[in-house]
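*Asks:* This is what each chain is made of:
There are 2 protein chains.
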Amino acid sequence: MDSRTRVLISSVRKLMRRGAFKNIEKIVCRAHTADVASLLESLDSEERQQTFKLVGPAERRSEVLSYLPEDLQEEVLRTLPKEEIQTLVAGMDTDDVADLIGSLPEELSQSILKSLVKEDQEEVADLLRYSQDSAGGIMNTEVLALRDDLSVSDAIQSIQNHESDSLVAHYIYLINKNSNLVGVLSLKELLLSRPNRKLTEVMSPDVIRVRVDTPAKEVAQIVEKYDFLSVPVIDENNELAGVITVDDVIDIIREEAQDDLRALGQVASIEDDFSFWGQLASRLPSQSLIFVGGMLSFLVAYWLLSLMDRPLWLASLGFLPALLGLAQLTASQSAAVALSMIREGELHRRVISEHLLTETGISSLNGLTLALLLGGASWLAFGDLQVSQILAGIAIVQTITIALIGNLLPILLATLKVNPRVGTISLLSVVSGVTSVTLFIGAIRLYYGVAFV
Amino acid sequence: MDSRTRVLISSVRKLMRRGAFKNIEKIVCRAHTADVASLLESLDSEERQQTFKLVGPAERRSEVLSYLPEDLQEEVLRTLPKEEIQTLVAGMDTDDVADLIGSLPEELSQSILKSLVKEDQEEVADLLRYSQDSAGGIMNTEVLALRDDLSVSDAIQSIQNHESDSLVAHYIYLINKNSNLVGVLSLKELLLSRPNRKLTEVMSPDVIRVRVDTPAKEVAQIVEKYDFLSVPVIDENNELAGVITVDDVIDIIREEAQDDLRALGQVASIEDDFSFWGQLASRLPSQSLIFVGGMLSFLVAYWLLSLMDRPLWLASLGFLPALLGLAQLTASQSAAVALSMIREGELHRRVISEHLLTETGISSLNGLTLALLLGGASWLAFGDLQVSQILAGIAIVQTITIALIGNLLPILLATLKVNPRVGTISLLSVVSGVTSVTLFIGAIRLYYGVAFV
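Line order of the protein sequences matches chains A and L. Numbered by the numbering used here, the letters in the first sequence go through residues 646 to 1098 in order. Numbered by the numbering used here, the letters in the second sequence go through residues 646 to 1098 in order.
It is worth saying that the hints were derived from the structure and are not from the lab. Take these hints with a grain of salt, some might be off.
[Stated by the list, open to error] Covered stretches of chain L (in silico footprint by chain A; criterion: 3 or more residues with CB under 8 Å from a CB of chain A, positions within the stretch not fixed): (1) 959-965; (2) 979-986.
[To be verified] Restricting the straight-line Cα-Cα distance to at most 27 Å, the calculated cross-link-like pairs of lysine-lysine (DSS-like) are: (3) L:K833 x A:K833; (4) A:K862 x L:K698; (5) L:K659 x L:K698.
[As the list claims (entries may be wrong)] Computed beta-carbon distance windows for the label pairs: (6) L:K822 x A:G747: 49 to 55 Å; (7) L:F921 x A:K1062: 56 to 62 Å; (8) A:A665 x L:L795: 15 to 21 Å; (9) L:M953 x A:G1028: 28 to 34 Å; (10) L:V996 x A:E884: 32 to 38 Å; (11) A:L957 x L:V1063: 29 to 35 Å; (12) A:L957 x L:L957: 55 to 61 Å; (13) A:L1049 x L:L725: 23 to 29 Å; (14) A:L1061 x L:T724: 39 to 45 Å; (15) L:F921 x A:L957: 45 to 51 Å; (16) L:L836 x A:S776: 35 to 41 Å; (17) L:K822 x A:A926: 56 to 62 Å.
Since the model is a prediction, treat every value here as computed from it, not as a measurement. Ideal Cβ positions, reconstructed from N, Cα and C, are used throughout, including at glycine.
From just these sequences and the hints, can you work out the full model?
*Replies:* Okay, structure coming up:
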């Protein structure tokens, strides 16, 4: 989050506490709609409803709504009267409306869909047909397309007469009488051309385009490669169906990056949801897998090394692979969460301390669960309380400490404006591995010292 | 890489083999300059020099040059006569020239700098002052700025008279007589305004801007948040110094994502360099760290469990943490490399098989090194050839198999258009962990079965 937005949020919060809604209204009316959306996100549900009413004319409120994540769009719309919902949705781009409708409960989405003017209704219904991962699912259907037989001055005239404000106007796409895409022209090129020339004479005829079923990932690669501001989308009949703009492409790239972080960090869901339960749930799947793996390793050792016939201090070492695997996982998961938080721009002091507190809570609960599981498993295997206690204790201690270090290290590097280096996580996992080996073997040595030599 | 580019490359390669340079010239002259750059990247050094000469007029060659990575820019320029270098560099944007000069050897960069016209020389020298991670280091100084006291028709006139083709023309930035940034106007808004109005009446006065020392990461967040096409940069004196466009922002976001992959995957360098030695070198730092960690764990076990006095089969288990850590690392590293390759758009059949071959080579050499190290360490500890052989054998087998699975799994998922899920790497590390435990303990059981019971 940039400093502008931070200042906005903190001043509105102060005014909110004093109930100074007149002043809030003044601030909110002057701020950029993207900033207002950030502000709304940071408020609680009731404050959000109150503040949204202060945003100003319907046009501005539609814009703010477009910037909000879909769950908050739904929350805000739910409380409004039907007529107002219709006005607000009518002011949004069709691709945003399609996204919104796709995520709303059936009843609300049907009533919104019916309230749209016929033309928009068809466009939104069209958009809903396409997968969210394809060009059709992310394109905007409000595209500035002109017939190729116009003259330059006609074209300028026609743009000036165009009422809609939401049309995408970096490039003008030219279509022939069958609505086929035949050329492209930037607004600047149009401005620089002599008024009496035909568009066919000044346009570039070889338009790089994508199809409605082109995967979103490929669209991103094309826009990125050619440094485009937008790319036209054609449908099955070769007709111009819409346009994908560079800001949608940035979203695709961010999502890919988050997917990678999630996969490598072994965290189920890291974006949007830095809350306690969200974070706890997102780490469970991998933890369960690694725990099961640790138990399998134990069973292998149990049978192959006949651990049932060994002295207890030796047999308990069969749980070492489980401890090591879990230590390693905690390191990856916490580093991935911290990196994701940094990338989302969530790095400022209040958030950091809150985040570390949440992480301590999560890792305590995580550690406790693992302690119970490991303690239980070892109790089943050996029926010895001391071994179970040692294992449980180490599970708690290592989970909490590694989680804290794993979070602090990337955050520390980021505040020093250093990008996390290759060695960071390796060092972390060496430290965590050696620590858990030392703790475990040390504790066993301490308690079963007599059995040694 | 998109299908367009792939077709271009394969047809030029065929023509190249037949020596049909006339035909290559025709293709290369018609292709998009970004595609020509991709083509040049895929050729060897000599073919690249030959093909670059066929690109057409100097203006096009400058564009192609801008799209090339810096090491290839240098390679191409080195062989050209001095006058031609000057022409080509003069046709590039100042920010690209600054990047190029920053990466060239002193002698060449000085001669290029001297060859520029005085104004460009100063601009490039200015740009070189700023860090590559700050707004100043990535901005383009050729910005369309107009005085705020012009009328709308004067402004259109002035844009039409502007000779330079490279100026960024999505927004027009307005400055007062002190060169301070006072407003912004989109080209479309200009076109829609009545000709006799003053720019001050139609502009938006509250321009969101960054400073030359704003970190690149923050610039990216701002452009992303407000869906800007570009953001103006002001210097220490509040004067408009340049502009950062959305395509530069996409580069910043990609780099951040690559940094994260690198950090979490524990690979030193994954972009640009998928070559054998590059890949081998990039994995060494983490492998050394994890190996040292494994040895520390062994020493802990050695002293605390008095392994020197234990039967050999038991003592050798002290190397289990090292084996497990290395297995886990191989899984992360290979998955990170595969993901990075997918994100760079390098996923097509010929490249995949080449990649898997390279990976097999790398992991064989990696495995061999680790085998020698582990074998050597265990020989030092126990002086028993059989234990050393077992450890060495498992190091080789697990490194190669895990590397292959770790590469194949994400690639397989990507060809199925599925994003790698949270469980992917966890499953991989469970499989690799259990496998290496089973192999190791199984082998020991087999060889030292007599010592059991």
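*Asks:* Going through the numbered hints above, which ones does this structure break? Give me the numbers in ascending order.
*Replies:* Structure breaks hints 4, 7, 8, 11, 12 and 13.
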